[in-house]
Amino acid sequence: MDFDFIDYLTGQNIMFVVLSAIVLGCGLMSVLSTKILRAATYLFFTLFGIAGLYLLMNYEFLAAVQLSVYAGAVVVLLIFAIFLVKNLGHETEKVSCSKKGIAALASVLGIVMTLVIVFNEGIVPAVVGPTAPQVDMQLIGDTLLGSGKHQYLLIFEASSVLLLACIIGAIVVATKSKEEK
Amino acid sequence: MNLPIEAYLVVSTLLFFIGVFGFIARKNLIGILMSVELILNAVNINFVVFNRFLYPNELEGMIYSLFVIVVAAAESAVAIAIIINVYRKLKNISVESIESLRN
Amino acid sequence: MDTVKLLAPIVLALPFLMFFVLGLLGNKMKPNVAGILGTCGLSIVAIVSYFIAISYFWGFGRVGEEYSQEILFNLDWLKMSETLPGLTIKIGFLLDPISAMMLVVISTVSLMVHIYSMGYMHGEEGFQRYYAVLSLFTFAMMGLVIATNIFQMYIFWELVGVSSFLLISFYFIKPSAVAAAKKAFIVTRFADMFFLIGILILSYYTETFQFLDLTAVSGDHATLVHDRMCGEEFFGFLPAISTAMFLIFLGGAGKSAMFPFHIWLPDAMEGPTPASALIHAATMVVAGVFLVARMFPVYFFEAADVLTLIGYIGAFTSLFAAVIACVQTDIKRVLAFSTISQIAYMFVALGVSGYTSEHEACLGYTSSMWHLFTHAMFKACLFMGAGCIIHAVHSNEMSAMGNLAKKHMTITHITFLVSCLAIAGIPPFSGFFSKDEILVAAANKDTVLYVCQAFVAGLTAFYMFRLYFRIFWWNENESYKHHAPHEAPKNMTVPLIVLSIFTCFMWIEKFFPFFPDKITADRKTLDLEFDSVIAGASVLVALVGIGLAYWLYKEKNDKPDAIASKVKCLYISASHRFYIDEIYLFVTRNIIFGGICKAIAWFDRHVIDGFMDMLGWTARESASGIRDVQSGNLQKYALGYILGVIIIAFFVFCSL
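Line order of the protein sequences matches chains A, B and C.
Everything in the first sequence is counted per the numbering used here, starting at 61 for the first residue and increasing by one.
Everything in the second sequence is counted per the numbering used here, starting at 66 for the first residue and increasing by one.
Everything in the third sequence is counted per the numbering used here, starting at 249 for the first residue and increasing by one.
Chain A with its partners taken away, still in its complex shape (with noise of 0.2 Å):
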């Protein structure tokens, strides 16, 4: 197979390698930062270029509920936590090289694994490309809602019961208790 480097300068993948280098860049950068607030802001970018991939693939819906949850909520979440946190903001954390090292050669084993296995086995090629049309909004309501084949209205149930819990939680849970009043 002869390998066209031009074949492959078209938008879509000139923008996916764009997101890509966003996403692995800014993720890399989240956990090797010192500076949790600044880890904090990498991390928001990566969801971002995530984001931006869901919408290559034309997942608008998706793209849209990665942004305002994830982007919106999680990273304004983490934001607050560290600033309820005293000093954290400015205080810069020291890991022991022996540690990262020992992180960064697990990862860079299962990374190999992971990748030896992916260019093996051979997976399925893909019957189309990244570009199908874009799935209509009618759809995903139904299948949500749905109770038929393929239809997840029990588990949207149950994971509004989860939330529910979940508020429940974090409120009992961040609640000063009497006797520390």
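The hints are simulated quantities; they were obtained by calculation from the structure and are not laboratory data.
Just so you know, even glycine gets a beta-carbon here, dropped at the ideal spot from N, CA and C.
It cannot be assumed that every hint is accurate.
Said to hold, decoys possible - Selected chain B positions facing chain C (Cβ under 10 Å, derived; list incomplete):
#1 F82
#2 I89
#3 A90
#4 K92
#5 Y152
#6 V160
#7 I163
Claimed, not checked - Pair ranges (Cβ atoms, derived):
#8 A/M75 to B/L119: 56 to 66 Å
#9 C/W850 to A/K160: 52 to 62 Å
#10 A/L224 to C/V877: 54 to 64 Å
#11 A/M75 to C/Q878: 45 to 55 Å
#12 C/V893 to A/K160: 30 to 40 Å
#13 B/L119 to C/V893: 17 to 27 Å
#14 A/F143 to C/V893: 27 to 37 Å
#15 A/S158 to C/F899: 21 to 31 Å
#16 A/F143 to C/Q878: 29 to 39 Å
#17 A/V172 to B/L119: 18 to 28 Å
#18 C/F859 to A/K95: 51 to 61 Å
#19 A/N118 to C/Y889: 30 to 40 Å
#20 A/A81 to C/F899: 27 to 37 Å
#21 C/G864 to B/K156: 37 to 47 Å
Stated by the list, open to error - Derived coverage of chain B by chain A (criterion: at least 3 residues anywhere in the stretch with Cβ under 8 Å from a Cβ of chain A; other residues may be distant):
#22 75–81
#23 93–99
#24 102–112
#25 115–126
#26 133–143
Please build the complex by placing chains B and C on the supplied structure of chain A, with the hints as guidance.
Relative to chain A, chains B and C alone:
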């Protein structure tokens, strides 16, 4: 010419293990939580990619990503509540200082 | 027959019920109530036993010239095997001449002891407990003699051992009583171990426990045992039958206090005297004789060598015990050694006996059982008489007695004299007939045994009359000035009278219907001429013994001491019971405990414990080595998890 599915999988693999690295190497609890978010996102990318490339007419992967996002949001809310509580008790959120389950 | 079948369970059930009632509720009752309750229960058992025995001997039991073996009931108790029906432990009732006779012996003596104990044990602490254990003993002894299979016998065998233990240790605050009880239990248990091994060997080959199968005889063989075990070898070099039968005999030797297991019986006199009369004179100690008699066809046809050995062990023991009895000063110990000697007599009779009337010395079996019967009566009477004397002078020692014939103990005196005459073998008392038949049997078979037993008969007469003269004549004891001896109460003298009536008239068949014929081991009746030569000789020997005792002990004098100092060596060693106890102590303390056990203990402590310690040490050290893994540190767990996943994925991938 489109990029093959492996290209996407490489991105998600790298992201996943960046998250793993962070989980193991980070010292503070919020950092660890952020690494968990990275790991979850890497998984999400896989779900979506498989859905899009292998079964473009189905919605399973996307729906599961949605639920993962929901669960992740819930999880981080509770986790942050716990972290704040820990901080109140110990004035510290370093993972090494939390060992009361050990004994 | 039907009535007998209906009544038969009472013999077992009632004593057992009494044991439970008296044992559980006894402390809530007044002592007298408990005593009367126990005695009433036993009276019913005695009446039923008499009824069974009489209707057996004079009714359904006798078929022509032969007595039948009847199984009155037989309940499955424990199945050992689905495929081999013989290996079922049953609780049943086998009625044949010897078990019918034993029913009479046990119920009579037990009833007498119950009545006697009301007086003797009056006011003792634990009176109700005493009666409960007596009932337990009666239950166990009944179960032993009516056993339909050897395992039932073994079970009740152990139960009589337990009740013996409980009665010896009745005064459990006395260290000597506790030691005696332990000694009795350990020695008999040690022997019972052999019994059990014997049972196992026997039933391994024959695949049955049932007496009727084991002792079935056709022609010149004990059929089943011959078929299954003839030519078999145990451990590759011991003949299986002889080994099994010898081991079973050793069990009997332990209970019946044969040499070398005799050491427990004299010490067992620490128990209450009536209990000694019941257990250690009349009933339990003859269990060994009964066992050999029960298995007699097997011994006679298949293990004749063992039977001969039994005869010689019996002869040696009877001589040995008689010599010791001559020099003991504790009256109960004299009686104990006399018991050993007389039981050994029974073993001699079995040892020389033949099976059918065609065999020589076929009288041995009959005379053994007959002597068992008469001995039970007169020895129980002697023990109870000794109990009355002890009651009167508050001591077991001869030195505290003397001249009691003039102290208004008339009934005790006369009954004691009658029993002494009986045991010495003076006609017309029962002991004469039974002992004479044993001597006839021995003379027919083996002259050595006859001479030995005749000499023992003389010794018996001598030591019994030594006892008699020392207690009732000799001279006035000074301690009587402070405390005059008096006759025992009625409930103690009545049993004495009853038992001496038995002793006097037991030989008159019409008057006393419990042992109507001379019955050989094949349960056929036997007509035998009275051998006047041997009878005359034995009476003569007995008279010599009595005369010697009269000469030495009629009045206080120095002759006994003078003779004792002349044969000082013999005298001292005999009064120390020939140091057998010391030898046992030496063997157990120095050789077993000091030598073997010490080595085993060292091995246990250093090798086995060392091995265990090493295991523990290894576990501890490796645990402290790896405990840091369980650090509680989340990130270390995550690292381990990731590495684990990678390793598993690696292997899975490699295997694809």
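query: Holds or violated: B/K92 as interface residue toward chain C, Cβ cutoff 10 Å?
result: Since chain C brings a Cβ to about 9 Å from B/K92, closer than 10 Å, the hint holds.
- prompt: Does B/I163 meet its interface restraint, that is, does its C-beta lie within less than 10 Å of any C-beta in chain C?
  reply: holds (8 Å)
- request: With 30 to 40 Å as the target window, see if C/V893 and A/K160 comply at their CB atoms.
  value: violated (20 Å)
message: 27 to 37 Å was suggested as the range; check whether the CB atoms of A/F143 and C/V893 agree with it.
response: Given a distance of about 36 Å, which is inside 27 to 37 Å, the answer is holds.
task: With 29 to 39 Å as the target window, see if A/F143 and C/Q878 comply at their CB atoms.
output: This hint holds: roughly 36 Å between Cβ atoms.
- request: Look at the Cβ atoms of B/L119 and C/V893 and judge whether their distance stays inside 17 to 27 Å.
  value: holds (24 Å)
- request: Would you check whether B/A90 satisfies its interface hint, that is, whether its CB is within less than 10 Å of any CB in chain C?
  value: holds (8 Å)
Chain C contact restraint on B/I89 - CB to CB distance below 10 Å: holds (5 Å)
query: Can the suggested window of 56 to 66 Å be confirmed for the beta-carbon pair A/M75 and B/L119?
result: For A/M75 and B/L119 the Cβ distance comes to about 22 Å; the hint is violated.
message: Against the range 37 to 47 Å, how does the distance between the Cβ atoms of C/G864 and B/K156 compare: consistent or not?
response: holds (43 Å)
field: C-beta pair C/W850, A/K160: status relative to the range 52 to 62 Å that was hinted
entry: holds (59 Å)
field: Cβ separation of A/L224 and C/V877, checked against the hinted range 54 to 64 Å
entry: Violated: the Cβ-Cβ distance is about 39 Å, outside 54 to 64 Å.
Taken one by one, the earlier hints fail for this structure at numbers 5, 8, 10, 12, listed in ascending order.
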